[in-house]
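Colleague: Quick mapping for you: the protein sequence lines, in order, are chains A and B.
Quick note on numbering: my numbering labels position 23 of the first sequence as 23, and the sequence is numbered without any gaps.
Quick note on numbering: my numbering labels position 596 of the second sequence as 596, and the sequence is numbered without any gaps.
Treat the hints with caution; some may be incorrect.
[Stated by the list, open to error] Facing chain B, from chain A, some residues (calculated, C-beta under 8 Å): (1) Thr14; (2) Glu21; (3) Gly55; (4) His62; (5) Ala64; (6) Gly80.
None of these hints come from the bench; they were simulated from the model.
C-beta atoms are modelled at their ideal positions from N, C-alpha and C, and glycine is treated no differently.
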Amino acid sequence: MVAVHLWSSLTRFTDGARVVEVEAATVAEALKQLVETHPGLGPILDGGISVVIDGEMVPNRHTAIEPGAEVYLMQRLKGG
Amino acid sequence: MAKDEFREFKLVGTRPDRPDGLDKVTGRARYGADISAPGMLWGAVVRSPHAHARIVSIDPSKALALDGVKAVVTRADFPEGLTGEDWNLQENTIAGERALYDGHAVAAVAATSKLLAEEAARLIAVEYEVLPHVIDVDDAIKPDAPVIRAGAADASVPEGMPPNVVRYMDFGRGDVEAGFAEADLVMERSYKTEATHQGYIEPHACLGQLGADGKGEMWVCTQGQWYIRKMCTAVLGLDASQLRVTPSEIGGGFGGKTTIFMEPLSLALSRKAGGKPVKIVMSRSEVLRATGPTASASMDVKIGLKKDGTITAARAEFRMQGGAFPGAPVDMALYCCFAPYNLTNVAHVGYDVLANRPKCAAYRAPGSPMGAFAVESLLDEMCRALKIDPLQMRLKNAVKEGDKSSYGPRFGSIGLIETLEATQAHPNLSIKLGPNQGRGIAAGYWFNHNGETSVSLAISEDGTAQVSVGTPDIGGSRASIALMTAETLGIGYEDVRVNVVETGALGVNEPTHGSRATFASGKAAVIAAGHAIKEMCRRAATEWGIEPEAVEWVNGAAQPAGPNAGKHPPMTIAEIAGKMGQTGGPISGHHESVPEGVGASFGCHVVDVEVDPETGRTTILRYLVVQDAGRAIHPAYVEGQYQGGAAQGIGWALNEAYIYDDKGRLANPVFLDYRIPVASDLPMIDTVIVEVPNPGHPYGVRGVGETGITPPLPAIANAIEDAVGVRMAHLPMSPATVLAALKARG
Numbered sequence: 001m002v003a004v005h006l007w008s009s010l011t012r013f014t015d016g017a018r019v020v021e022v023e024a025a026t027v028a029e030a031l032k033q034l035v036e037t038h039p040g041l042g043p044i045l046d047g048g049i050s051v052v053i054d055g056e057m058v059p060n061r062h063t064a065i066e067p068g069a070e071v072y073l074m075q076r077l078k079g080g
Numbered sequence: 001m002a003k004d005e006f007r008e009f010k011l012v013g014t015r016p017d018r019p020d021g022l023d024k025v026t027g028r029a030r031y032g033a034d035i036s037a038p039g040m041l042w043g044a045v046v047r048s049p050h051a052h053a054r055i056v057s058i059d060p061s062k063a064l065a066l067d068g069v070k071a072v073v074t075r076a077d078f079p080e081g082l083t084g085e086d087w088n089l090q091e092n093t094i095a096g097e098r099a100l101y102d103g104h105a106v107a108a109v110a111a112t113s114k115l116l117a118e119e120a121a122r123l124i125a126v127e128y129e130v131l132p133h134v135i136d137v138d139d140a141i142k143p144d145a146p147v148i149r150a151g152a153a154d155a156s157v158p159e160g161m162p163p164n165v166v167r168y169m170d171f172g173r174g175d176v177e178a179g180f181a182e183a184d185l186v187m188e189r190s191y192k193t194e195a196t197h198q199g200y201i202e203p204h205a206c207l208g209q210l211g212a213d214g215k216g217e218m219w220v221c222t223q224g225q226w227y228i229r230k231m232c233t234a235v236l237g238l239d240a241s242q243l244r245v246t247p248s249e250i251g252g253g254f255g256g257k258t259t260i261f262m263e264p265l266s267l268a269l270s271r272k273a274g275g276k277p278v279k280i281v282m283s284r285s286e287v288l289r290a291t292g293p294t295a296s297a298s299m300d301v302k303i304g305l306k307k308d309g310t311i312t313a314a315r316a317e318f319r320m321q322g323g324a325f326p327g328a329p330v331d332m333a334l335y336c337c338f339a340p341y342n343l344t345n346v347a348h349v350g351y352d353v354l355a356n357r358p359k360c361a362a363y364r365a366p367g368s369p370m371g372a373f374a375v376e377s378l379l380d381e382m383c384r385a386l387k388i389d390p391l392q393m394r395l396k397n398a399v400k401e402g403d404k405s406s407y408g409p410r411f412g413s414i415g416l417i418e419t420l421e422a423t424q425a426h427p428n429l430s431i432k433l434g435p436n437q438g439r440g441i442a443a444g445y446w447f448n449h450n451g452e453t454s455v456s457l458a459i460s461e462d463g464t465a466q467v468s469v470g471t472p473d474i475g476g477s478r479a480s481i482a483l484m485t486a487e488t489l490g491i492g493y494e495d496v497r498v499n500v501v502e503t504g505a506l507g508v509n510e511p512t513h514g515s516r517a518t519f520a521s522g523k524a525a526v527i528a529a530g531h532a533i534k535e536m537c538r539r540a541a542t543e544w545g546i547e548p549e550a551v552e553w554v555n556g557a558a559q560p561a562g563p564n565a566g567k568h569p570p571m572t573i574a575e576i577a578g579k580m581g582q583t584g585g586p587i588s589g590h591h592e593s594v595p596e597g598v599g600a601s602f603g604c605h606v607v608d609v610e611v612d613p614e615t616g617r618t619t620i621l622r623y624l625v626v627q628d629a630g631r632a633i634h635p636a637y638v639e640g641q642y643q644g645g646a647a648q649g650i651g652w653a654l655n656e657a658y659i660y661d662d663k664g665r666l667a668n669p670v671f672l673d674y675r676i677p678v679a680s681d682l683p684m685i686d687t688v689i690v691e692v693p694n695p696g697h698p699y700g701v702r703g704v705g706e707t708g709i710t711p712p713l714p715a716i717a718n719a720i721e722d723a724v725g726v727r728m729a730h731l732p733m734s735p736a737t738v739l740a741a742l743k744a745r746g
C-alpha cells in the first residue's frame, strides 16, 4: 500500500481523510486508484497537479513508487 | 565553501566572455522587433478603455475603407468551443462578449505601415455598455462584488464561497492552536502588496505568418517557443506541428514572456490578409496595460514564538487577485512563505480571486516575494519584541536535509544553514549605522523546476561541438551550458557553440522558467555529450581493434583504459571527428526527459537603508545577497542573477505599483509614472555565492534566477523599521506612504 498525502481542502472529496492509501506500483496507478475510490478528486487531478515522492518532484507518471515512499500531491508548480 | 571541494573542474566555475556579448554591445543581436519579412504588414490592436464593459458592436468599416488596410479581426475570427485554460488564453487574446479590464484587446487591424495600422485602429468603432468593476482583491472577494465570470470556479472551491473566488486551498499539519498556546508571544498582522510588472526592457514583439492551408511561422520574443506554439495553435484551432516558432534574442522576460498576448492576433490577421506576414510591436503602455503583471495580495499571518526563538506555530491566509482569469500564484506564495522554517504546527489557506485587471503572468518566483513580505516582516517584528537576534532566530528554526517542509514533502540536500552562516560572517553586518539608518534581514525560498527538455549535440568535423537547446537564454544559460559541455567533452569553452533553436529542430521544451534552463538543458547537454563520447570511444576501439569497454575518455581524447587494452596513443576528438564520414557517419548525442533531481534554493538578504524623516524617501545604502547556487557554473552570471533579483525586489518594495483610477483605468502606464529602479537609485549589490552542490545534477546546479527577488520586500521593510521605527505593512513603501506613517506615529 502507498500512502498519498493530500492538501487539506481535498478532504471534502475523501470523507475527511488527509492521507489516502492505495495499492499502486507507479504514480499513474496511484492517481487512477485515487479517482476510482474518490471520484470527486478527478477534476482536481485532471486540472494539473505535481506529485512529490520522498521530496523529489516526479513528473513521469510511469515512475515506480517504492514501498514506504512518502507521496504528496501538490498544486502544479511553475516558475517565472 | 562547497561541500564537494574534492571535485575539481577546468572550466566549470570560471568566468569566460559571454557568447552573446559582442552581438549585444554592437547592436547585432536580433530582438523581437528586429525581424522583418518581404511584403510584411503591421498590426495594431484596439483595446478597451473600460475596466468592465459589454461589447455592444464593433464597426470596422471606416478602417477598412482606408487605402492600405488589409484585414481586421475580432473574436468572430477565432474558433468557438474552447474550454479551460485554452479558453482563458483566447478570451485574453481578444475579448468575446465583454471587455474584462482596461487594455483588453477587442479587435486588431493589419495595414501596410505602422502609422496606417494605428490610424485604422482608431477608426474601428466599438460601442460599449459599461458595467460595474472591481479592482482591489479585498473588494473583489466580497459576496456582493461585481461578478467577473459566473461559473469560473474550479472544483477546489466549496459551495457558498463569494462568486469571484475561483480556486481555494488549505493545507498544513499539526495543531496550530496548541502551538500558539505554547508560545511566549503570539502576533497576528495583515499585509498588502500591489501588482507590479516584470518590467522587461524589450516590449513584446512578433512577426506571424499563416496561410489558408493552416501552415504558419512565427518569429517572436519569448521565454518559450513551444509554449507560443501550443497556445497559439490552441487559440486558433490549428495543428501544433504546422506552426514553426523561432525565438529572437530576448530583452528580459522574468516570467512575463511565458505566455501569449498579441501573437495569435498577428497570425489571425495574416491568415485574413492572404498569408502576408504581420508584425506587431507593443508600446510600453500596451505592455503595462495588457500584459502580465504579477498578482496583488492581501495576507494575514499569525505566528507563535518562544523567548528562545523557537517558532511554535504559524498560520497564513492569503488572498490574491490575478486579473480577470484564474491563476494568481497564491499556492506558490503559501508553499514558500514558511519554507525556511522547520515547523511542527502550520496552516495555510489561500483564495485565488478574479478582478477587472489584466491576466497575471508569472513573475520571478511567482508568489514567493509576497508571502515572504508577510512572514518575514512579522518574524522581524516579533524578534524586536522579544529582543532576539533575527539571524539567530532564523538559524535556530532553519530547515535542513531530511526535514519536512512547511508544505509537506521532506527536503533533499539544501543549503539554508550554510547560507545563514555565510550571511552572519559577512563584514556588512559589522558596519555601524548612523541616525535614521537601519538594517533589515530576511530569508527567501524558491523550489526551482525541471520541465520537459530536449537537447541535441553534434560534433563538427574539426572536433568542435554545437549544442541545440530549446530554452531561450535570459540569464546566461548559453555560457553555462557551453562550460558544462566543454568540461564533459574535454575541449575548450570557445569550442562549443550553444544555439537556441526553433520548434522544428527539437522535441518539446518548456520555456526558460522556474530557474530551470541551466539545470535542465544543462543536465540534458551533459548527458548528450556523454552519448557522443560513448560513440567516439566506440570508433576509437574499432580503429584499434579492441572492445569499446576498454576505451576511456580523458581530456578530450579516447585512450586505452588500461595496460590490457594495448598500447595506442590517445585519439583526440578532432582526429575522431575529422574522419567520422569514413567511420560510420555523423557523431552526435541527444537527450529528452523531464530531468529529475531538482535542487531547491534558499537566500538571505541584508540591507542597510537611510530614511529621510522630512520626505519619507528611503535610500539603499548597501545591499547584500547571500544565496545557495548549488554550483556556480559561470559565477559572473550567478552574481548578475542575484543582483537582478535584488534590484527588482527593491523596486517592488519602494516604488512600483499598478495604480487605478476610480473608473478602473490604469493611471500609470508609462515608465515615467510606473517607476522601476534605475542605476543611480542603487549601490553596487554585494553577493556571496554559497555552494552546496545539488546531488541531482552532474555539476551540482540548483538554479539561481528566482530566489533573489524573494527577500528584498521584507528585508527593506525590516530595515525601515530599524531606521525610523515604523512598520510598513503595505507595499510600495514610497516616500509618501513612509512619510504618512511617520506622521501618524507622531
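Colleague: Each hint needs a verdict: does it hold in this structure or not?
Modeller: Here's how the hints hold up against the structure:
The beta carbon of Thr14(A) comes no nearer than 13 Å to any beta carbon in chain B, farther than 8 Å, and the hint placing it at the interface is violated. The interface hint given for Glu21(A) is broken, as the beta carbon of that residue sits about 17 Å from the closest beta carbon of chain B, more than 8 Å. Hint status for Gly55(A) relative to chain B: holds, with the closest Cβ pair at about 4 Å, below 8 Å. Restraint check, His62(A) versus chain B: the minimum CB separation of about 11 Å is more than 8 Å; hint violated.
The closest approach between the C-beta of Ala64(A) and any C-beta of chain B is roughly 13 Å, which is over the 8 Å cut-off, so the hint fails. Nearest Cβ of chain B to the Cβ of Gly80(A): about 3 Å, under the 8 Å cut. The hint holds.
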